[in-house]
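A.B. asks: For the protein sequence lines, the chains are A and B, in the order given.
So the first sequence is numbered by numbering that gives the first Met the number 0: it starts at 0 and just counts up by one.
So the second sequence is numbered by numbering that gives the first Met the number 0: it starts at 0 and just counts up by one.
None of these hints come from the bench; they were simulated from the model.
Even for Gly, the Cβ is constructed at its ideal location relative to N, Cα and C.
Among these hints, one or two may not hold up.
[Said to hold, decoys possible] Below, simulated EDC-like cross-link-like pairs (lysine to aspartate or glutamate); rule was C-alpha separation at most 20 angstroms, straight line: (1) K583(B) / E600(B); (2) K581(B) / D317(B); (3) K238(B) / E250(B); (4) K566(B) / E226(A); (5) K566(B) / D369(A); (6) K583(B) / D343(A); (7) K260(B) / E250(B); (8) K586(B) / E226(A); (9) K528(B) / E504(B); (10) K583(B) / D338(A); (11) K586(B) / D320(B); (12) K577(B) / D227(A); (13) K577(B) / D369(A); (14) K566(B) / D190(A); (15) K566(B) / E126(A); (16) K577(B) / D343(A); (17) K330(B) / E372(B); (18) K577(B) / E352(A); (19) K566(B) / D185(A); (20) K577(B) / E336(A).
[As the list claims (entries may be wrong)] Distance windows between CB atoms, simulated: (21) G593(B) / D80(A): 16 to 24 angstroms; (22) A355(A) / L532(B): 34 to 42 angstroms; (23) G197(A) / N323(B): 52 to 60 angstroms; (24) G478(B) / Q201(A): 51 to 59 angstroms; (25) D369(A) / E403(B): 45 to 53 angstroms; (26) S40(A) / N323(B): 50 to 58 angstroms; (27) L532(B) / P361(A): 28 to 36 angstroms; (28) N323(B) / L390(A): 16 to 24 angstroms.
[Said to hold, decoys possible] Chain A is nowhere near these chain B residues, computed Cβ spacing over 10 angstroms in every case: (29) I23; (30) D91; (31) N323; (32) N520; (33) K561; (34) G593.
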Amino acid sequence: MPSTLPDGDPVPVDGSLPSGALASVGARGFGIYVHVPFCASRCGYCDFNTYTASELGGGGAQDSYADTVLAEVALAARVLDAVARPVDTVFFGGGTPTLLPPDDLGRILEAVNKAFGLAPDVEVTTEANPESVTPASLRRLRSAGFNRISLGMQSVAPHVLALLDRRHTPGRAAAAAIEARAAGFDHVNLDLIYGTPGESGQDFADSLGAAVAAGVDHVSAYSLIVEDGTRFAARVRRGEIPAPDDDVAADRYLAADEALSAAGFAWYEVSNWARSPTAACRHNLLYWRGGDWWGFGPGAHSHIGGVRWWNVKHPSAYAGRLAAGGTPAHAREVLAEADRRVEDVMLRLRLAEGLALESLAPSGLVAAADAVGSGLLSVAEYERGRAVLTLRGRLLADAVVRALLP
Amino acid sequence: MPTTLEPGATDPGRIRNFCIIAHIDHGKSTLADRMLQITGVVDPRQMRAQYLDRMDIERERGITIKSQAVRLPWRVREGDQAGYDAVLNMIDTPGHVDFTYEVSRSLAACEGAVLLVDAAQGIEAQTLANLYLAMENDLTVIPILNKIDLPAAQPEKYAEELAHLIGCQPEDCLRVSGKTGEGVSHLLDEIVRQLPAPIGEADQPVRAMIFDSIYDVYRGVITYVRVIDGRIEARDRIKMMSTGAVHELLELGVISPEPKKAGAIGVGEVGYLMTGVKDVRQSRVGDTVTINSKPAKTALGGYKDPKPMVYSGLYPIDGSDYPNLRDALDKLKLNDAALHYEPETSAALGFGFRCGFLGLLHLEIIRERLERESGLELISTAPNVVYRVVLDDGSEITVTNPSEYPTGKVAHVFEPVVRATVLTPNDYVGSVMELCQGRRGTLRGMDYLSADRVELRYTLPMAEIIYDFFDQLKSRTKGYASLDYEPSGEQQAELVKVDILLHGEAVDAFSAIVHKDKAYNYGVSIAAKLRTLIPRQQFEVPIQAAIGSRIIARETIRAIRKDVLAKCYGGDITRKRKLLEKQKEGKKRMKMVGRVEVPQEAFIAALSTSDSPGEKGSGGRPSRQDK
Chain A
0 MPSTLPDGDP VPVDGSLPSG ALASVGARGF GIYVHVPFCA SRCGYCDFNT
50 YTASELGGGG AQDSYADTVL AEVALAARVL DAVARPVDTV FFGGGTPTLL
100 PPDDLGRILE AVNKAFGLAP DVEVTTEANP ESVTPASLRR LRSAGFNRIS
150 LGMQSVAPHV LALLDRRHTP GRAAAAAIEA RAAGFDHVNL DLIYGTPGES
200 GQDFADSLGA AVAAGVDHVS AYSLIVEDGT RFAARVRRGE IPAPDDDVAA
250 DRYLAADEAL SAAGFAWYEV SNWARSPTAA CRHNLLYWRG GDWWGFGPGA
300 HSHIGGVRWW NVKHPSAYAG RLAAGGTPAH AREVLAEADR RVEDVMLRLR
350 LAEGLALESL APSGLVAAAD AVGSGLLSVA EYERGRAVLT LRGRLLADAV
400 VRALLP
Chain B
0 MPTTLEPGAT DPGRIRNFCI IAHIDHGKST LADRMLQITG VVDPRQMRAQ
50 YLDRMDIERE RGITIKSQAV RLPWRVREGD QAGYDAVLNM IDTPGHVDFT
100 YEVSRSLAAC EGAVLLVDAA QGIEAQTLAN LYLAMENDLT VIPILNKIDL
150 PAAQPEKYAE ELAHLIGCQP EDCLRVSGKT GEGVSHLLDE IVRQLPAPIG
200 EADQPVRAMI FDSIYDVYRG VITYVRVIDG RIEARDRIKM MSTGAVHELL
250 ELGVISPEPK KAGAIGVGEV GYLMTGVKDV RQSRVGDTVT INSKPAKTAL
300 GGYKDPKPMV YSGLYPIDGS DYPNLRDALD KLKLNDAALH YEPETSAALG
350 FGFRCGFLGL LHLEIIRERL ERESGLELIS TAPNVVYRVV LDDGSEITVT
400 NPSEYPTGKV AHVFEPVVRA TVLTPNDYVG SVMELCQGRR GTLRGMDYLS
450 ADRVELRYTL PMAEIIYDFF DQLKSRTKGY ASLDYEPSGE QQAELVKVDI
500 LLHGEAVDAF SAIVHKDKAY NYGVSIAAKL RTLIPRQQFE VPIQAAIGSR
550 IIARETIRAI RKDVLAKCYG GDITRKRKLL EKQKEGKKRM KMVGRVEVPQ
600 EAFIAALSTS DSPGEKGSGG RPSRQDK
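Here chain A stands alone, though its shape is the one from the complex (with noise of 0.2 angstroms):
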């Protein structure tokens, strides 16, 4: 079962925003995320808002799907008419947003094009999953526009991969990696998962090691999470496998750190390398640094000038709100000041660039010096003005952001 929403406040029916919202959109960037909330088969261990062919009927089906998003996409040009502006990142996620037909997706492209236009520099990702995409899909979503791929690699080590319920094989994600250059993507990363059970510190450095041999400029290295209400939860809890460790993690971590940094990657955020600082995803920054976007699709969130609202979730009822005309928005909320700077600390210390030092509460200075003087905040960047998480301090990321917060 997908997870569930947060509680907020009603949306007004027309899907418009306070007028305040509006005053200053993109001025931290503007992105717009698609959600494609299908998937071949669920994996035991997700709890994304997506769903297999057999579990949708109705309006929620995959093949009235990307006319539904253009519904969607016409409300957004309504409500942001006054302001609208070119996008400067568009990421399609899911679910498999490959389990579409790339035709799909590029009219979903081309209908974001029209309503805001695409910025020259703009950065248009696709995830996918390597056995979903073929040389061929691949050439054709090139063409369409996209120029950055995700590929879920998660591990090359094959009972690593069946816990998972990953239906590629071990080289799979790493030829598809290479397709995807070929057709001529200029970004692909390969997402990791470490920490499963069963997967030995061998496993993990393999599968490092295959994603860096792929040529890839971008890696993410996500631990493995248990969350409630999944197929992985309930065989923990009946104790057919056992929950993945924390300190496993951190070892898993640690080698990630180290593997890619000698392979020329960079952190830039707690779970993402980069070959270069351009090799970034933009998309991604633009949630840290607390930019706009809108989210298009059952269960997305979208942000504007401190607004952040979220659709309702099943497919169905998507298609049924925006059929009836109205916003598919469940709920909102206006964030408060004191939320905003709540989010910009939480946020902003995930990046390597980190936080001004000025951008905190006395309380939270006297905090930032004690932890820079427990290792967790770097001194150097504490001398220029800034909190930047060193390389422990990364691993307790949380704690960091807890005591620098009044």
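With chain A's structure known, arrange chain B on it following the hints.
C.D. replies: For chain B alone, kept in the frame of chain A given last:
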């Protein structure tokens, strides 16, 4: 001249004062209900179950904490006294081991006792103890077997047992059913026939014994007295003989079973007095009331100041509740002369109170009432008894809190002991003896009450029975054993204070005074428990148990290495911020021990199960005899 049964004008010869001695679930309240009905003092429409148990907490737990006296007019129905008019005063007794002194005062107000025993279960240890108390007071005892309507009733068997205990014939045991009312009228007739009437000097200065004192929010303290000599009139000024305090009498009356004002009460009568006093400490159970204008020369005997036997620290979980806790204790104190408390500060738990109780049930009742009636969330520290410590220089200190235990220089330590009586089916004798010996008990004697029931008498250190002794006793005997105990002086013992150190800092809440042979086990078990309860910190935290500077056990909480959510993208931000706010809120409930953050829950969990070493038990409920 017509017979008058009015208060203040009743011939003492027509009065019968009695109490009912019973184990808690043997049906005393139901029998009392039936008596109220049969004597006609309660209208059938107003009747409710367990009429006399007032507090909710009593009705829920089936425990009668406070006694009450009810005046019942009764015309004898059968036998050669048929038609004789009498006044019965039924004095309810508290049904619990912690309230022995109150029981003794209730008994002292009576000439007779109805010994009520469940015909399906036989006598229990505490009933036996109270029976002995009644016999020592020369009360006339009428044995009755209750619940004879039950299919499992074995009246013949238990009549033998009772006859053996009080030296009567089995056929002298009356058989009643409080539930159906069978035999109740006959019992009332027998009370009139068998019990002696009170004797006193009507023309002497007033002497009345206080056998109960309760605080009522609207009327102030209500004092229940039994008049021995003289006559108290509604306009008198009364004097408490222990303190010399004089109070204006605002109202005087009898309970039947609702309060009824009266002009006077005389020799042998039982009634209530209201003076507007706001604190039961000014009207103490056992004290003698006299009249200020014509005071008695000597008080009645038997008065004792209630002395706390068990101490525990009570702390609000939310530190800002401290003033509320103080107000709530002040309020409870008005109704409980035995409750002692004084402010205490714990480095670990903050501001709270060191509280003294008569026993563990008393502690539990107070704690539950504080939580229920004042909406407080509390932590109570492991209960301890009172130690007398003699130092090398011959000086002496009284220790009611492990933190007061002197370091070094200790010549001798004395701990309180109790005389405990355990009644058990003979199948479990071995297991009970093993338990008592494990608790440093000394066997004083053993008797067969009947072919299959045994009375075991032990001397035990009180400290050994205040943890989980009763739970252990129940579990070892499949619930069949019953326990009674009374304080019985002190003994010298080899005791040590075990401190628990967290990251080098002693946590006062976990210090305990234990026998030297048990110190190691205590240290190991608390250290192990804390290791699982305290979350990992950013640095390694040693947990040590120490006697003085000697470390006897050690555990380590390894440093946390990972505290970061791997993924935080656009859809995660709101949830993550809310989680962060929740964590910040949780942090406020953390107690700092040095640099170590300890969640309240860890203290609660460690303290609530800090029973004796190596044993798992609910802890702190040794003396509940009612389940």
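A.B. asks: Would the pair K566(B) and E226(A) pass a check requiring their Cα atoms to be no farther apart than 20 angstroms?
C.D. replies: 12 angstroms, holds
A.B. asks: Run the C-beta distances from N520(B) to all of chain A and say if the shortest one exceeds 10 angstroms.
C.D. replies: 30 angstroms, holds
A.B. asks: Run the distance test for K581(B) versus D317(B): straight-line Cα separation, threshold 20 angstroms.
C.D. replies: Status holds; Cα separation ~16 angstroms.
A.B. asks: Taking 20 angstroms as the top limit, are the C-alpha atoms of K566(B) and D190(A) close enough?
C.D. replies: Holds - the C-alpha atoms of D190(A) and K566(B) are around 12 angstroms apart, at most 20 angstroms.
A.B. asks: Would you check the hint for K566(B) and D185(A), treating anything up to 20 angstroms between C-alpha atoms as holding?
C.D. replies: With Cα atoms ~24 angstroms apart, K566(B) and D185(A) exceed 20 angstroms; violated.
A.B. asks: Holds or violated: K586(B) with E226(A), Cα cutoff 20 angstroms?
C.D. replies: 24 angstroms, violated
A.B. asks: Using the Cβ atoms, figure out if N323(B) sits within 16 to 24 angstroms of L390(A).
C.D. replies: Violated, at about 48 angstroms.
A.B. asks: In this structure, is the beta-carbon distance linking G593(B) and D80(A) contained in 16 to 24 angstroms?
C.D. replies: 60 angstroms, violated
A.B. asks: Is K577(B) within 20 angstroms of E336(A), Cα to Cα?
C.D. replies: 15 angstroms, holds
A.B. asks: For the pair supplied as a hint, K577(B) and D369(A), confirm whether the alpha-carbon distance does not exceed 20 angstroms.
C.D. replies: 25 angstroms, violated
A.B. asks: That 52 to 60 angstroms hint for G197(A) and N323(B) (C-beta), does it hold up?
C.D. replies: Taking Cβ atoms as reference, G197(A) and N323(B) lie about 53 angstroms apart, which means the hint holds.
A.B. asks: Take a quick look at G593(B) and tell me if its Cβ sits farther than 10 angstroms from every Cβ on chain A, holds or violated.
C.D. replies: At roughly 15 angstroms from the nearest Cβ of chain A, G593(B) sits farther out than 10 angstroms, so the non-interface label holds.
The structure fails hints 5, 8, 13, 18, 19, 21, 25, 28 and 33 (numbered hints given earlier, in ascending order).
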